[in-house]
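Peer 1: One-letter residues, chain by chain:
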Amino acid sequence: MRFGIVVFPGSNCDEDAFHAAHDVFGGEAEYLWHKDPDLKGADVVILPGGFAHGDYLRTGAMARFSPVMGPVRAFAERGGPVLGICNGFQILLEAGLLPGAMLRNRGLKYRCEHVYVRVEYTDTPFTGAARAGQVLRIPIGHGEGNYFAPADLLRQLEANHQVVLRYTDPDGNVEDRWNPNGSVNAIAAVCNEARNVVGMMPHPERACEMLLGGVDGRMIFESMLKWQSTNQLSNATV
Amino acid sequence: MRARVFVTLKPSVFDPQGRTIADALHSLGYGGVEDVRQGKYFELDLATAEASEARALAAEVADKVLANPVIESYRIEVE
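Chains A and B, in that order, are what the protein sequence lines are.
Under the working numbering, think of the first position of the first sequence as 1, with each following residue one higher.
Under the working numbering, think of the first position of the second sequence as 1001, with each following residue one higher.
Just so you know, not all the hints are guaranteed correct.
Derived pair list, reagent style DSS-like, types lysine-lysine, alpha-carbon separation capped at 30 Å [unchecked claim]:
| hint | chain 1 | residue 1 | chain 2 | residue 2 |
| --- | --- | --- | --- | --- |
| 1 | B | K1010 | A | K109 |
| 2 | A | K35 | B | K1064 |
| 3 | A | K109 | B | K1040 |
| 4 | B | K1040 | A | K35 |
| 5 | B | K1040 | B | K1064 |
Treat the hints as calculated values from the structure; they're not laboratory data.
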């Protein structure tokens, strides 16, 4: 599997994502500079965390104008799997590839800690290796992860099963005190209607080795590998 | 011409920064400040001398870049 990891000026989790994809999972991995005109044959595109373009104006607001976002958008529209992690999620929101917006965390603090998230749906390229209802312990690190959607959009997201991860307690119960940032409906990850584009605030690439305090993030990468093998199989049988 | 663009969170969107500022003011004894909403302010220097053109251009820029329509609205002044 060939991972394409987009690097914006100000990205700072690109090497972690590369390490997880390449060194932990043995995939081919390629950095995609934000001015690159194509995706170098990537099977999956990861927009990593950080502070793209300094997060000037709003988080992710400038990054959507980077040249590489043209090919990323086209790839997403063709059904290619795209994962935005943290700042990458914020960029996908600003680019309109995912619905909603981010607000400053309730409480205003930058939250850097492990959280629990419940996998709501397993029919995305990034959750297929999990079982529905599975609780993962994955770290977050953000100041603007307070996901917001207006009431009508929120109803639509829930009806379409687009809320992929939700902040919960260790047993998978949604409780306000386990919501680290005030996200509406405790939303930690959403997908687009076609389900191939996912944005998540937690950092799975930081949770793939016991040395880093946990391995629950592996599920996200294992899902990508599973998605690709299934997809290849279905392509082969067509 | 110059356009001034004021971007603010929509009334329905909670503003944690504004609330914190209001709380700080209250703790300083400014109980008369009932609420605070924080926003952004932009000054655009525009090549046109036509007020209507200036307003239209500022609105286009605000729609596309300066404001996020999911959470923010804006007001424009032209002079």
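Peer 1: Hint by hint, say whether it matches the structure.
Peer 2: The hints, checked one at a time:
| no. | hint | verdict |
| --- | --- | --- |
| 1 | B/K1010 x A/K109 | 22 Å, holds |
| 2 | A/K35 x B/K1064 | 21 Å, holds |
| 3 | A/K109 x B/K1040 | 20 Å, holds |
| 4 | B/K1040 x A/K35 | 29 Å, holds |
| 5 | B/K1040 x B/K1064 | 15 Å, holds |
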